[in-house]
Amino acid sequence: MALVLTEEQTMLRDSARGLIGDKAPIAHLRKLRDERDATGFSRELWKSFTEMGFAGLLVPEEFGGSGLGCVEAGVVMEEIGRNLTPSPFLSTAVLAASALARGGSDAQKKAYLPKIADGSLIAALAVDEGAKHRPTKIALQATRAGNGFKLKGAKALVVDGHVADLLIVAARSAGNPGDVDGLTLFLVDPKAKGVSIERTVMVDAHNAARISLDNVEVDTDHVLGEVDRGGALLEGVLNVGRAAVAAEMLGVADEAFGRTVAYLKERKQFGKLIGEFQALQHRAAHLYTEIEIVRAAVLKALQAIDTDPENAGFAVSVAKAKAGTVATLAVQEGVQMHGGMGMTDQFDVGLFMKRARVLQELFGDANYHAEALAAWKKY
Amino acid sequence: MPDAQNLDQFRRDTRAWLEANCPAEMRTPMQGDEDNFWGGRNAKFASDAQKVWFERMRDKGWTVPDWPTQYGGGGLDPAQAKVLREEMAAIGARSPLSSFGIWMLGPALLKYGNEQQKAEHLPKIARGEIRWCQGYSEPNAGSDLASLQTRAVPDGDDFIINGSKIWTSYANYADWIFCLVRTDASAKKHDGISFILFDMASPGVTTKPILLISGKSPFCETFFDNVRVPQSHVVGTVNRGWDVAKYLLQHERAMISGMGGRDGGRPLGQVAADSLGTDDQGRLDDPMLRGQIAAFDVDEAALACAAERAVDLAKAGQLHPAFSSAMKYYGTELNKRRHEILMSAGGIDALEWESERSHDGARARAWLRTKANSIEGGTSEVMLGIVAKRILDLPGA
Numbered sequence: 002m003a004l005v006l007t008e009e010q011t012m013l014r015d016s017a018r019g020l021i022g023d024k025a026p027i028a029h030l031r032k033l034r035d036e037r038d039a040t041g042f043s044r045e046l047w048k049s050f051t052e053m054g055f056a057g058l059l060v061p062e063e064f065g066g067s068g069l070g071c072v073e074a075g076v077v078m079e080e081i082g083r084n085l086t087p088s089p090f091l092s093t094a095v096l097a098a099s100a101l102a103r104g105g106s107d108a109q110k111k112a113y114l115p116k117i118a119d120g121s122l123i124a125a126l127a128v129d130e131g132a133k134h135r136p137t138k139i140a141l142q143a144t145r146a147g148n149g150f151k152l153k154g155a156k157a158l159v160v161d162g163h164v165a166d167l168l169i170v171a172a173r174s175a176g177n178p179g180d181v182d183g184l185t186l187f188l189v190d191p192k193a194k195g196v197s198i199e200r201t202v203m204v205d206a207h208n209a210a211r212i213s214l215d216n217v218e219v220d221t222d223h224v225l226g227e228v229d230r231g232g233a234l235l236e237g238v239l240n241v242g243r244a245a246v247a248a249e250m251l252g253v254a255d256e257a258f259g260r261t262v263a264y265l266k267e268r269k270q271f272g273k274l275i276g277e278f279q280a281l282q283h284r285a286a287h288l289y290t291e292i293e294i295v296r297a298a299v300l301k302a303l304q305a306i307d308t309d310p311e312n313a314g315f316a317v318s319v320a321k322a323k324a325g326t327v328a329t330l331a332v333q334e335g336v337q338m339h340g341g342m343g344m345t346d347q348f349d350v351g352l353f354m355k356r357a358r359v360l361q362e363l364f365g366d367a368n369y370h371a372e373a374l375a376a377w378k379k380y
Numbered sequence: 003m004p005d006a007q008n009l010d011q012f013r014r015d016t017r018a019w020l021e022a023n024c025p026a027e028m029r030t031p032m033q034g035d036e037d038n039f040w041g042g043r044n045a046k047f048a049s050d051a052q053k054v055w056f057e058r059m060r061d062k063g064w065t066v067p068d069w070p071t072q073y074g075g076g077g078l079d080p081a082q083a084k085v086l087r088e089e090m091a092a093i094g095a096r097s098p099l100s101s102f103g104i105w106m107l108g109p110a111l112l113k114y115g116n117e118q119q120k121a122e123h124l125p126k127i128a129r130g131e132i133r134w135c136q137g138y139s140e141p142n143a144g145s146d147l148a149s150l151q152t153r154a155v156p157d158g159d160d161f162i163i164n165g166s167k168i169w170t171s172y173a174n175y176a177d178w179i180f181c182l183v184r185t186d187a188s189a190k191k192h193d194g195i196s197f198i199l200f201d202m203a204s205p206g207v208t209t210k211p212i213l214l215i216s217g218k219s220p221f222c223e224t225f226f227d228n229v230r231v232p233q234s235h236v237v238g239t240v241n242r243g244w245d246v247a248k249y250l251l252q253h254e255r256a257m258i259s260g261m262g263g264r265d266g267g268r269p270l271g272q273v274a275a276d277s278l279g280t281d282d283q284g285r286l287d288d289p290m291l292r293g294q295i296a297a298f299d300v301d302e303a304a305l306a307c308a309a310e311r312a313v314d315l316a317k318a319g320q321l322h323p324a325f326s327s328a329m330k331y332y333g334t335e336l337n338k339r340r341h342e343i344l345m346s347a348g349g350i351d352a353l354e355w356e357s358e359r360s361h362d363g364a365r366a367r368a369w370l371r372t373k374a375n376s377i378e379g380g381t382s383e384v385m386l387g388i389v390a391k392r393i394l395d396l397p398g399a
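Chains A and G are the protein sequences, given in the same order. For my numbering, count along the first sequence from 1 and bump the result up by 1. For my numbering, count along the second sequence from 1 and bump the result up by 2.
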């Protein structure tokens, strides 16, 4: 497969760019932030996303979606990154849709996938518990009880957790934290007894929640995939999420960079455009090169998931690690090259810095994925 | 999808042919420059396997798989050429012929040469009969290439060439040179340059190797003392050689940016584990170095994606012509980092300079050699300047 977007994918990108740029530019995020909006995203915008087919992008056609692939999801994520657009696209259209399509029973697919596609259901994936992303260390306990399980434990950084109609919770049903095996995924009703959800106001003004489960009862119908063998399903879904987040970071990096280059061409100091200074030119050219490399690595990862999901982990880790490092560099350089203005809330570049910081942590930072590569290559 | 089917069939045929025809010795990583076969009038093969491999590939036109068959190429389309590269990489097959004619002159001749020049030179390049060197840099020009002073003065149907070149790689072994000369001293500096080809055996041409910090010398100084060259040897238009030179440099930079991958080197993590050992969990027994290698592996794998994408973009007509400068910059910096890590991993053992055990200091010499990567073919700083000016359109760059 050629590492360039097809004509159809380019058209999708253009329509996503049009819609998001038009209806949800950065001012949209600012408004939600400044008004301390309880939902944290716009239902009206999500309706537009749904009408464009974005909500059901990864939902198979038989369940009301368009059955497209991760490359298409990545194309939308990149535009979301450019505009810092808050929406349930990642939590619901990417993560939950992938989890249900890959691991769901027929009944589960019928119950949830059409609602994801028509925009009526928001879902959230709850994985991380500690300060860093370590899926094997999941400790949230699933104990057999009666005709089902009791869940006890807590999750952090659950994207859209406080607005979700459905939680997908990764729990330990066997073994000990640190074991690769012994994980099970559960579909949990956020209104169920024992579930408490705290919206956490994050540095980037995007939705996230801390969730705690105090002996929450779920029956076996609500197991997603196989009991004790949810690790592989979870890893597959996380890989989709990681590649999607890498695509969002590409959008963040490229947009922050584009704005920085534009600033270099208009800001005068010492009687010259600052873009004339070689010290800045070389840093900009370096950053350009890094971003183009990220663009290729991200597309490679997205294509790998679509064509050979079993073996996509390597390409995904390369993309997530590289995108994390480069997005960090891009936003830091962006703030620095904007000088004092870069430190003001009025200028957007600082918002890119905050978002990049969150995306870097989400589903494993650059170190986590470099470590994964080292383990992969056995050294 | 008949095209995809044809391509699958081509892949199966190619795989089978390579399996049957590539000798086992030609599937191992190259150890040093002697493992390159450079061709030329005085070509010598380092081994029978090298000879067999070269001749079989030459006979299929696969020394230059994507050149037209009429010029000795394989006539493959870009998709087939990619399949061939992938299948060669899959078995670790060495390149059968190393050649500045292939990497640099050939593409320029295909674009700017007249029919007679193409028919004369391209097949000989494809068959490894003539070894070429490049006469670009001059002692006082350096990165400011267009300030070159070597003069070519008309005399009847000929030019008389006087001047000198520096950093002419393997000039002492080359049969012919492609050379930038000043044909109009009064024009603006980019406008009075011509691109000309001539035989290194011409009277008045002398070469002198330059000893480098690596103790070896691919580079020479080259002197021209009243060298007589027919004017018909100019490629493209007289005084418009800068266009040819720039086009060729794009290919040179793409070639250099790929050098890190082309050495077929073993994975750094394995090399380091061999010399430093592993802990009880199989992890490299030096956590800081392990982290450096992991970060390097991320960058190298990502760069490989970008190289692959550049090929696909070029095929789709979407590649920015200056992108090779970005790749040259990144690839050479990464290759230097690779060799710093190799030296770290080797520790004291990597410092040996003259011994059989160290293959005559191969690792240290290779490390020192890489320091030239970000200088030759345009320094990293020049590459960044090109990106800033031509791609980012920054002012006054």
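Derived from the structure by calculation, the hints contain no laboratory data. From the three backbone atoms N, C-alpha and C, an ideal C-beta is built for every residue, glycine too. A portion of the hints provided could be inaccurate.
[Said to hold, decoys possible] Mimicking SDA-like on lysine to any residue, the simulated pairs with C-alpha atoms at most 20 Å apart in a straight line are:
no.	chain 1	residue 1	chain 2	residue 2
1	A	K133	G	N241
2	A	K273	G	P397
3	A	K379	G	A303
4	A	K378	G	K391
5	G	K391	A	Q279
6	A	K378	G	A303
[Said to hold, decoys possible] Listed below are several chain A residues computed to face chain G (Cβ distance under 8 Å; list not exhaustive):
no.	residue
7	D215
8	K266
9	Q270
10	A286
11	H287
12	A298
13	K301
14	V319
15	V336
Hints, one by one, checked against the model:
no., hint, verdict
1, K133/A / N241/G, "violated (62 Å)"
2, K273/A / P397/G, "holds (10 Å)"
3, K379/A / A303/G, "holds (16 Å)"
4, K378/A / K391/G, "violated (39 Å)"
5, K391/G / Q279/A, "holds (11 Å)"
6, K378/A / A303/G, "holds (12 Å)"
7, D215, "violated (36 Å)"
8, K266, "holds (6 Å)"
9, Q270, "violated (13 Å)"
10, A286, "holds (4 Å)"
11, H287, "holds (6 Å)"
12, A298, "holds (4 Å)"
13, K301, "holds (4 Å)"
14, V319, "holds (4 Å)"
15, V336, "violated (19 Å)"
Checked against the numbered hints above, the structure violates hints 1, 4, 7, 9 and 15; every other hint is satisfied.
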